[in-house]
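K.L.:
One letter stands for each residue in the lines below.
Number of protein chains: 2
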Amino acid sequence: MISMVLLGSGNVAQHLITAFSNSSAIDLIQVVARNPKSIQHLIASNKICSDYREIKKADVYLIAVSDNAIAEVSSHLPFENRFVAHTSGSMGLEILDAKNRRGVFYPLQTFTKNKAVNFKEIPICLESEQPTDYPTLEQMAKTISDVYQLISAEQRKALHVAAVFVCNFVNHLYQIGADICEDNNLSFELLKPLIVETAQKVQTLAPTAAQTGPAKRKDTQTINNHLRFLSDDNQKELYQLLTKSIIDHGKKL
Amino acid sequence: MISMVLLGSGNVAQHLITAFSNSSAIDLIQVVARNPKSIQHLIASNKICSDYREIKKADVYLIAVSDNAIAEVSSHLPFENRFVAHTSGSMGLEILDAKNRRGVFYPLQTFTKNKAVNFKEIPICLESEQPTDYPTLEQMAKTISDVYQLISAEQRKALHVAAVFVCNFVNHLYQIGADICEDNNLSFELLKPLIVETAQKVQTLAPTAAQTGPAKRKDTQTINNHLRFLSDDNQKELYQLLTKSIIDHGKKL
Numbered sequence: 001m002i003s004m005v006l007l008g009s010g011n012v013a014q015h016l017i018t019a020f021s022n023s024s025a026i027d028l029i030q031v032v033a034r035n036p037k038s039i040q041h042l043i044a045s046n047k048i049c050s051d052y053r054e055i056k057k058a059d060v061y062l063i064a065v066s067d068n069a070i071a072e073v074s075s076h077l078p079f080e081n082r083f084v085a086h087t088s089g090s091m092g093l094e095i096l097d098a099k100n101r102r103g104v105f106y107p108l109q110t111f112t113k114n115k116a117v118n119f120k121e122i123p124i125c126l127e128s129e130q131p132t133d134y135p136t137l138e139q140m141a142k143t144i145s146d147v148y149q150l151i152s153a154e155q156r157k158a159l160h161v162a163a164v165f166v167c168n169f170v171n172h173l174y175q176i177g178a179d180i181c182e183d184n185n186l187s188f189e190l191l192k193p194l195i196v197e198t199a200q201k202v203q204t205l206a207p208t209a210a211q212t213g214p215a216k217r218k219d220t221q222t223i224n225n226h227l228r229f230l231s232d233d234n235q236k237e238l239y240q241l242l243t244k245s246i247i248d249h250g251k252k253l
Numbered sequence: 001m002i003s004m005v006l007l008g009s010g011n012v013a014q015h016l017i018t019a020f021s022n023s024s025a026i027d028l029i030q031v032v033a034r035n036p037k038s039i040q041h042l043i044a045s046n047k048i049c050s051d052y053r054e055i056k057k058a059d060v061y062l063i064a065v066s067d068n069a070i071a072e073v074s075s076h077l078p079f080e081n082r083f084v085a086h087t088s089g090s091m092g093l094e095i096l097d098a099k100n101r102r103g104v105f106y107p108l109q110t111f112t113k114n115k116a117v118n119f120k121e122i123p124i125c126l127e128s129e130q131p132t133d134y135p136t137l138e139q140m141a142k143t144i145s146d147v148y149q150l151i152s153a154e155q156r157k158a159l160h161v162a163a164v165f166v167c168n169f170v171n172h173l174y175q176i177g178a179d180i181c182e183d184n185n186l187s188f189e190l191l192k193p194l195i196v197e198t199a200q201k202v203q204t205l206a207p208t209a210a211q212t213g214p215a216k217r218k219d220t221q222t223i224n225n226h227l228r229f230l231s232d233d234n235q236k237e238l239y240q241l242l243t244k245s246i247i248d249h250g251k252k253l
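If you read the protein sequences in the order shown, they are chains A and B.
For the first sequence, the working numbering begins at 1 and goes up steadily by one.
For the second sequence, the working numbering begins at 1 and goes up steadily by one.
Careful: at least some of the hints might be erroneous.
Given that identical chains are not distinguished, each listed pair holds provided it fits within a single copy or across any two copies.
Calculated cross-link-like contacts (lysine to any residue; reagent style SDA-like; alpha-carbon spacing at most 25 Å) [to be verified]: (1) K37 to N100; (2) K252 to S231; (3) K218 to Q235; (4) K192 to V147; (5) K216 to E54; (6) K192 to T143; (7) K115 to V196; (8) K251 to S66; (9) K115 to N224; (10) K115 to T212; (11) K113 to K192; (12) K142 to E189; (13) K113 to K218.
These are computed hints drawn from the structure, not numbers from a lab.
Looking at chain A on its own, in the form it has when it is part of the complex (with noise of 0.2 Å):
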């Protein structure tokens, strides 16, 4: 059995706490947070620390902050040579102390506040500066998901800003969706099954087979129609420039 200190209180570390919390394999011993009460209702107070000179000793030490704090959090650890991992998909092993043995042990998806998610699909990108310490995030990643593999430092990069892609930017259209209805009086409600059944789709089809609408089909009377009846600049300029991709993506192909 792997015992762990998770130190963060925010959104990933509160998911990671119940997930960790319900695995047999690793034995959360002490979760360290700046903020204790918004993690006391997901584990018992004896467990929770705010004073980084009692962390206990433990196999690994997970650092789930907000990626401007992973560097601080990491420097106040008070030891050296132990296996620290951080959560953050932008951030290389180097922004870890190096007095320590540096890990990255990142899930793949967007958390929300009190909405559940199920980890076992979420993928989980792992990397480690020692081999040695490999198994142990293998380790951690089997107990809570069935999907994790080794990532390179330059692969989660990509990942990453291929995440900010299809979850944020696509978030934000969906954004531009709602704005759109509620100008016309319609309700967002509309949408949804179209929202979903979009994502459906590309479970089993490629993207490029998927694609659909005026841009695919270079039907510029639509495309005019569609620009004439927005009125925001900034819709106007997105829904140019995305047509645009989309008909120079068809091209490349």
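Since the structure of chain A is provided, determine the placement of chain B on it from the hints.
P.N.:
Chain B only, in chain A's frame:
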């Protein structure tokens, strides 16, 4: 029971033939198709016709052809003052020949050949030129879906534009995610759970509340790292514009 003749043999037509064939309130008496082969597996061959002179008398004629063929098909109909509707999201009533009573029956969904859809949840947007024809549209909609409503021509145009954002453009961002994965020897499989969760999130949360990522956090360091990482000018331009749009949208709230 409403008798119906459906005109068309493409993607949308095929899904509608299947849906209406299973309905007890609609009697699909005939399908008019230029290309009978593509629908032979869906309906008895004696109900398929490719000669406009053989079109039967029915309560409603549903034209499910591509946008640019609607006008021509409707003008070829060898009768007057019957109820004729099209299934397009981007065309007005007036595209139909004025010799008949006109309507719109627009299912707001993305249809893929050979991929079944659950019509029950698909919103059907209805519009009729004459109020007395509206109940026929309602009967038709009710028999295949639980969600249908009167949508004005202007609203339907808005909905179609919104659908382009949340479906066609979203799928293109999936494509870019897949391209980035491929360029970095990563499987697109890794992104699939994230894609589904992102769509699921906005079923219960407003897109504004669901927004995450570096743009939302105004994390300029990560944004600049991502822009340095992207070597494709088109991807870079999309990243910049979508990031700006998320930041500006946050300011409006």
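K.L.:
Now tell me if each hint is right for this structure.
P.N.:
Hint check:
no. : hint         : result
1   : K37 to N100  : neither (29 Å within a copy, 68 Å between copies)
2   : K252 to S231 : between (31 Å within a copy, 16 Å between copies)
3   : K218 to Q235 : both (19 Å within a copy, 20 Å between copies)
4   : K192 to V147 : between (28 Å within a copy, 12 Å between copies)
5   : K216 to E54  : neither (60 Å within a copy, 35 Å between copies)
6   : K192 to T143 : between (33 Å within a copy, 21 Å between copies)
7   : K115 to V196 : both (17 Å within a copy, 14 Å between copies)
8   : K251 to S66  : between (40 Å within a copy, 22 Å between copies)
9   : K115 to N224 : neither (40 Å within a copy, 30 Å between copies)
10  : K115 to T212 : between (31 Å within a copy, 14 Å between copies)
11  : K113 to K192 : both (21 Å within a copy, 21 Å between copies)
12  : K142 to E189 : between (38 Å within a copy, 18 Å between copies)
13  : K113 to K218 : between (41 Å within a copy, 20 Å between copies)
Violation of the numbered hints given earlier is confined to hints 1, 5 and 9; the remaining hints are satisfied by the structure.
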